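Construct the complete structure from the given sequences, taking the supplied hints into account.
Residue numbers (our numbering), protein chains in the order written: chain A, 96 to 179; chain B, 96 to 179; chain C, -15 to 138; chain D, -15 to 138.
No false leads were slipped in.
Calculated pairs, BS3-like style, for lysine-lysine (alpha carbon to alpha carbon, straight line, at most 25 Å):
(1) D:Lys6 x C:Lys6
(2) D:Lys72 x C:Lys13
(3) D:Lys111 x D:Lys72
(4) D:Lys112 x B:Lys144
(5) D:Lys112 x C:Lys13
(6) C:Lys112 x A:Lys144
(7) A:Lys111 x C:Lys112
(8) A:Lys133 x A:Lys144
(9) A:Lys144 x A:Lys111
(10) D:Lys112 x B:Lys111
(11) B:Lys168 x B:Lys111
Only part of the chain B face toward chain D is listed, based on derived beta-carbon distances under 10 Å:
(12) Ile100
(13) Phe102
(14) Glu107
(15) Arg150
(16) Gln155
(17) Glu156
(18) Gly171
(19) Phe173
(20) Pro174
(21) Pro175
(22) Gly178
(23) Gly179
Which bits of chain A does chain C cover? Going by a derived footprint, with three or more residues having C-beta under 8 Å, they are:
(24) 149 to 160
(25) 170 to 177
Treat the hints as calculated values from the structure; they're not laboratory data. None of the values given here were measured: they were computed from a predicted structure. We put the beta carbon where it would ideally sit given N, CA and C, even for glycine.
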Amino acid sequence: MTKLIYFAWVRERIGKGEEELELPETVRTVSDLLVHLKTLGDEYEEALKFPEAIRVALDQEHADHGELVAGVKEIGLFPPMTGG
Amino acid sequence: MTKLIYFAWVRERIGKGEEELELPETVRTVSDLLVHLKTLGDEYEEALKFPEAIRVALDQEHADHGELVAGVKEIGLFPPMTGG
Amino acid sequence: MASALLHIAVQAADFDAAEEAKRLTAGRKDVGALVQFIGYCRDENGTLSALELEHYPGMAEAEISRISQEAIERFGLIGMSAVHRFGKIAPGEQIVLISAAASHRQAAFDGANFVMDFLKTSAPFWKKEHAADGSEGGWVEARDADDAAREKWK
Amino acid sequence: MASALLHIAVQAADFDAAEEAKRLTAGRKDVGALVQFIGYCRDENGTLSALELEHYPGMAEAEISRISQEAIERFGLIGMSAVHRFGKIAPGEQIVLISAAASHRQAAFDGANFVMDFLKTSAPFWKKEHAADGSEGGWVEARDADDAAREKWK
Chain A
96 MTKLIYFAWV RERIGKGEEE LELPETVRTV SDLLVHLKTL GDEYEEALKF
146 PEAIRVALDQ EHADHGELVA GVKEIGLFPP MTGG
Chain B
96 MTKLIYFAWV RERIGKGEEE LELPETVRTV SDLLVHLKTL GDEYEEALKF
146 PEAIRVALDQ EHADHGELVA GVKEIGLFPP MTGG
Chain C
-15 MASALLHIAV QAADFDAAEE AKRLTAGRKD VGALVQFIGY CRDENGTLSA
35 LELEHYPGMA EAEISRISQE AIERFGLIGM SAVHRFGKIA PGEQIVLISA
85 AASHRQAAFD GANFVMDFLK TSAPFWKKEH AADGSEGGWV EARDADDAAR
135 EKWK
Chain D
-15 MASALLHIAV QAADFDAAEE AKRLTAGRKD VGALVQFIGY CRDENGTLSA
35 LELEHYPGMA EAEISRISQE AIERFGLIGM SAVHRFGKIA PGEQIVLISA
85 AASHRQAAFD GANFVMDFLK TSAPFWKKEH AADGSEGGWV EARDADDAAR
135 EKWK
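Listed below in structure tokens is the structure:
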């Protein structure tokens, strides 16, 4: 099981802050994960419809969409950051 | 009469903080003034021996050595500034 | 060179800039310059009633710490403190405080400026606007200018 | 645009950065960024017992005011406060405080940095060092690096 954690409008659109998911073996990279999540329902489809706008953290470190997710315990998905 | 006012090592070398002087008509520019002051004694000679190191303010505004001193009430002479 | 002082806080409570200045300079005689940056919530000409700041707990602290450590090494800082608030913040209130201590002024300026530029684009915080007319405002969009500001350190 | 707030002080007494922050931001909802620079007296690895700061009364205030006004116009600042001490100052004590308030962060950083760069080379202050071993130290020499720092704003 992998912990997925969502923030800001990604969280609002998916309708939950976090969940535990069993990722299929076809999900090798972050990009694969985003494609897979969109199959889980309209709310995921809506939240992730522009995947290039989605930032990703693997175990709390920023990651590119090409990075592998194998062995990662916590994956964060969120829009571009606007702190400071 | 013109008020001359000295700061930092210019003041220490001349041995006074300020004085009133009657400037001769030959003193037209700041450069002329520095040449004239050096005739007033060894302490002036010592203080002003490197005229290019002397900064000048005419009525409390920075001035180049080429500027005219006619009508100026207060002339400040001092080394490069080191505040902040 | 002794290791630099680093203090990071991500908190809902307000902060005190004087306290962070003291943390970096009290009792020291090698600090020649301190630069503090404070970011405030603006009311956008009366249209905004509050900002709500969401953050990624754990990662927010880690990311600010990483950016601060990079600034310490890059500019040879003596100390760095970064405090960032989350939760609901009203116009006029403080949001973020960056304090950079160094021997000389340019290092302190650059250190604080660098941390702010990277914090804006890399620290996991998101701002939602609450409109003054009671309508729900949207999420603040990331600004291209912030990405550009980060590029100047390349 | 309303005229910006400008506060200048040249004084022997110590100053309070929090007070100047308050002067520029209290009750305001248009300030998004405040940058404060504090310059301290360093002990130069224990060799210095004090700095003595001489200034040109009247001209010091006028020159800092002129520099600050230029920063306000150049960077569109909302407010600027500059406080500079004179007299004998011990290591660890504060010498100068520049506070710049603006809507956005880069203007506040640039405003404070600009004023410090010009203040160093144009404001009529001179530092004399008192050595820790009791011998009379000399006058601090102007640094080429300070002239170079000023040139970056051309």
